[in-house]
Amino acid sequence: MHLLGKTNIDFIGKRNISFVISSIIAVLGIIGLIQITRGAANMGIDFSGGTSMQLKFAKPIAMADARTALHKHGIARVDLQEIKEGNKLLIKIDKNAGAAVGKSADAVKTSFTSEFADNPFVVESTTEIGPSIGDKLRKDTLVAVAISLLGIILYIAWRFDFKFGIGATVATIHDCLAMFAVFYLFNKEINLLFITAVLTIAGYSLTDTVVVFDRIRENLHKNLKGAMQNIFNESINEVLSRTIVTSTTVFLAAASLFLFGGEVIHDFSLALLVGVLVGTYSSVFVASPIVVLLENRALAKQGGKA
Amino acid sequence: MPKGIGWRIGLIGIFVLLSFLYLTPTLVSKLPSWWSVLPKDKIHLGLDLQGGTHLVLEVDTQKAVEGTLDIVATDLEDTLTGKNLHFKRISRTGSDAVTVVLYEKGTADAVQKLLKDKYPTYEQSPLHDEGGFVALSLRVNEKDAQDRKDKAVQQALETIRNRIDQFGVSEPIIQREGINHIVVQLPGIKDPQRAIELIGRTARLEFKMVREDIPPSAVTIPDDAEIMKEKSVDAATGAVSEVPYVLQKKSLITGDLLTDAQVRIDSQFNQPYVAIDFNALGAKLFDQVTAANVGKRFAIVLDNNIYSAPVIRERISGGSAQISGNFTEKTASDLAIVLRAGALPAPVKIIQNVTVGPSLGQDSINKGLMAGLIGVVLVVVFMAIYYKLSGMVANIGMVLNVIYLMGALAAMGATLTLPGIAAIVLLIGMSVDSNVLIFERIREELALGKSPKAALDAGYDKAFLTIMDSHITTLITAAVLFQFGTGPVKGFAVSLSLGVIINLFTSLIGTKVTFDLFLHKGTVKNMSI
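So the protein lines, in turn, are chains A and B. Be aware that the first sequence starts at 1, since it is given in UniProt numbering, and climbs by one per residue. Be aware that the second sequence starts at 1, since it is given in UniProt numbering, and climbs by one per residue.
Careful: at least some of the hints might be erroneous.
Stated by the list, open to error - Lysine to any residue pairs mimicking SDA-like chemistry, simulated, CA-CA at most 25 Å apart:
1. B:K450 to A:K188
2. A:K188 to B:K367
3. A:K88 to B:P358
Keep in mind that the hints were calculated from the coordinates and are not lab data. Just so you know, these numbers come straight off a predicted model, no measurement behind them.
Using the sequences and the hints, build the whole thing.
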C-alpha cells in the first residue's frame with residue numbers, strides 16, 4: 001500500500017508561513033518557560049515542594065464537600081481534582097499550607113475520617129516533597145536538558161556540518177518549547193515525568209531531522225549543480241512517506257498509552273503525543289528551511305567576495 | 001543456504017533462548033527444583049508498580065557537632081571538679097565552641113594547660129574578660145567538624161538499617177546520597193506511617209533526676225535545670241494530659257549504655273512495658289544513682305519527652321530496669337526496636353516521601369500492560385496493511401525486540417517502572433522505524449527496476465548510516481536521563497537505552513536474515529512490500 005505516490009511539494013518555499021507559525025509556538029513556549037521558572041505555572045510538587053495524595057472513597061464524594069471539610073481543619077490552600085472512575089480524589093497541597101513534611105497528609109486523613117465517617121477511604125498514594133529537594137531537582141533538570149542538547153549539537157555538527165547542527169538544534173528547541181506552550185496553555189502539571197517526555201521527544205524529533213538531513217547530504221553529494229532549495233525540497237519529498245509512516249506508528253503507540261495507560265501516565269502520554277506531532281512538523285518545516293537560509297547566506301557572502 | 005545465514009540465525013536463536021531463560025522466574029509462579037543453578041531473579045518492579053515507600057532523609061549534621069561539644073562540656077565539668085579547679089560555668093557557645101568561665105587568673109592558667117593536653121586538636125582562644133570573670137573558649141576545627149558530620153551520616157545510615165532490619169521489611173534499599181541525604185526504599189510495606197515514625201525518631205534516651213525542690217510553676221529556674229513534660233494519653237477517652245516536671249539538666253545515664261531492650265507484659269495489669277539491660281558501666285552508674293537517691297523521683301526521658309518519672313523505692317543493682325508508660329503492644333515494640341538499634345547521632349528530617357499503595361501499583365501494571373498490548377496490535381495491523389508480507393517481517397523484528405528487552409531487563413536486574421513500561425510501548429512504535437527506512441529505500445530501488453535481491457541489499461546498505469545516526473541521537477538523551485533521573489525516570493531511561501541498542505541488532509541482523517532466507521536464490525520476481 002502507498003499512502004502517497006511521488007510527491008513534489010515545495011516545502012522550503014512555504015517557509016515564510018511555517019516560520020510565522022513556529023515563531024508563535026516558540027513565543028508561547030518561552031512565555032510558558034518563563035512562567036515555569038518563576039513558579040507561576042502549574043508546578044508539580046516534584047519541583048515546588050508540597051504534598052499530593054490520591055484517595056479512593058467507597059462512595060462518590062462531592063468536591064465542594066471535600067474542600068469544606070479540609071478548610072474546616074485548617075488546610076486552606078488546596079487543589080482538588082476528581083477522577084470519576086472509582087470515586088478517586090487527587091489532593092495537592094501547597095508547601096506553604098502545612099507544616100513539616102508528613103504533617104499535611106496526616107491532617108488530610110484526620111479531616112476526612114472525622115467529616116465523612118460514613119464514607120471510608122483508602123490512601124492510594126502519597127507524595128511529600130520538602131522545598132529543598134524541589135530546588136535541587138529543578139537545578140538538576142536544567143543541567144540535564146542543557147547537557148543533552150549540547151551532546152546532540154556536537155554529534156550533529158560532527159556528522160554533518162555546523163549549519164545542519166544549528167538547524168537540528170533550533171528544531172529540537174522548537175519542539176521542546178511547543179510542549180511547554182501546550183502544557184502551559186492547558187494548565188497541565190509540570191513535573192518530572194513531563195521533563196522526561198520533553199527529553200524523549202528531543203531525541204525523537206532529532207531522529208526525524210537526522211533522517212531528512214541524511215538524505216539531503218546524500219543528494220548534495222550526487223548533484224552539486226541544482227539550486228540548494230531544489231535539492232532540499234527533493235530530499236524532503238523523498239523521505240516524506242517514511243516520515244509519515246514512522247510518525248504514525250509512534251503516534252499509535254503513544255495514543256494507546258494516552259487512552260489506556262491509566263491516570264498516572266496520562267499527562268506524560270499527552271506530552272508524547274504533542275511531541276510526536278510537532279517533532280514531525282519541525283523536521284520538515286523548521287530544520288531544513290533554516291539550513292537553506294544559512295547555506296544561501298554563506299553562498300551570497302562567497303559570491304560577494306568573488 | 002547463502003553464506004553467513006547460519007550464524008546469524010544461531011545468534012538470534014541463542015538470544016531468544018537466553019531471554020526466555022531469564023524471564024522464566026518472572027513468568028512461572030513456582031520454579032521446578034532442578035532449576036537451582038539457573039537464573040532465579042524476577043524482573044524487579046519499581047515502587048510505583050508494587051507499592052511501597054520511598055523516603056529521602058536529611059541528617060541535621062550540625063546537631064551532631066553540637067552534641068559532641070555538649071559531651072566535651074560535661075566531660076570538662078567532671079574533670080575540673082575532680083581536680084578541684086573551681087569554675088563558674090562551662091557550656092557550649094554557638095555551634096562550634098565550648099566556653100569555660102573561671103573565677104580567677106590562676107585557675108585559668110592551669111585550665112589552659114589541662115585543655116591543651118586533653119584536647120590537642122581543638123583551638124584555644126586567649127583568655128578574655130567576661131563580666132569580671134576570666135573566660136576562654138575551645139573551638140572545634142573545620143576538619144574535625146567535617147569528619148564528625150560525615151561520621152554522623154554514616155552512623156545514621158547504620159542505625160536506620162538496624163531499625164528497618166528489626167522492623168522486618170524484605171529487600172529494603174538504604175543508601176547515602178550526596179553529602180547529608182539518606183535514601184530509604186521500603187517495597188511492599190503495609191504500614192508506612194509506622195515505619196516512617198520508627199525511622200525518623202532520634203531515640204535519645206536519658207535518665208535525669210527530678211528537682212522536686214523547685215515547683216514547675218516557678219518563674220525562674222536555675223541554669224542547671226529545665227522543664228520537661230510527661231505526656232499521657234487516656235486509653236478510654238483519647239484525651240492527652242501533660243504533667244510538667246523540673247529536671248536536672250545533666251543526664252546521669254544515657255541510652256548508649258544499653259545492651260538490650262525487650263517488650264514484656266506486666267502480669268499484674270496486663271500492660272506492656274520495655275525491659276532494658278545496661279552494660280557494665282551502665283549497671284554500675286545505675287546502682288550508684290539509685291543507691292544515692294532512694295525516695296526521689298527519677299525521670300526517663302526520650303527525645304525530650306518524659307516517659308515516666310517513678311520514685312526510686314530501693315537501690316537497683318544487677319543492671320536491668322524497665323520503662324513503663326502508656327504503651328500499646330505496637331508502641332512498646334517500636335520503642336524496644338529504637339532502643340536496641342541505638343540513637344541517631346543527629347536528628348533526621350524527611351524531605352521526600354513517596355508512598356504508593358499496593359492496589360494502585362497493581363492497577364498501574366494492568367493498565368500499562370493493556371496499553372502495551374493495544375499499542376502492539378495497532379502497530380502490527382498498520383505495518384501488515386502498509387507493507388504486506390514485508391511488514392510482517394518488521395513485526396517479527398518488533399516482537400523479538402520486546403522479548404529481548406524483557407530478557408535483558410531481567411538479566412541485568414534492572415527495575416521496571418511505569419514510565420519504563422511506557423518506554424517499551426513507545427519503542428514498539430519506534431522500533432519499526434528502522435524497517436520503515438529500509439523498506440522505503442527498497443521501494444525506491446524497486447521503482448528503479450532493480451531485482452528484489454539487489455533492491456534489498458541496496459536498501460539495507462543505504463539505510464545503514466541513517467539508522468546508526470538516529471539511534472545514537474536517541475541514546476544520547478537516554479544516557480542523560482539515566483544520569484540525572486531517579487526512581488521511575490531512571491527506569492524509563494534504562495528501558496529506552498536498552499531498547500535502542502537491541503533495536504539496532506534486530507533491525508540490521510534479525511529482519512535482514514529473514515529476507516535473505518527467502519530471496520537468496522534471486523528467483524523471486526515480486527517482493528511483497
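Checklist entry - Between B:K450 and A:K188, does the CA-CA distance stay at or below 25 Å? => result 52 Å, violated
Next on the checklist: For A:K188 and B:K367, compute the direct alpha-carbon distance and say whether it is at most 25 Å.
Outcome noted: Holds, at about 22 Å.
Checklist entry - Regarding the pair A:K88 and B:P358, is the alpha-carbon distance no greater than 25 Å? => result Roughly 15 Å between the alpha carbons, so the hint for A:K88 and B:P358 holds.
Hint compliance for this structure: hint 1 alone is broken.
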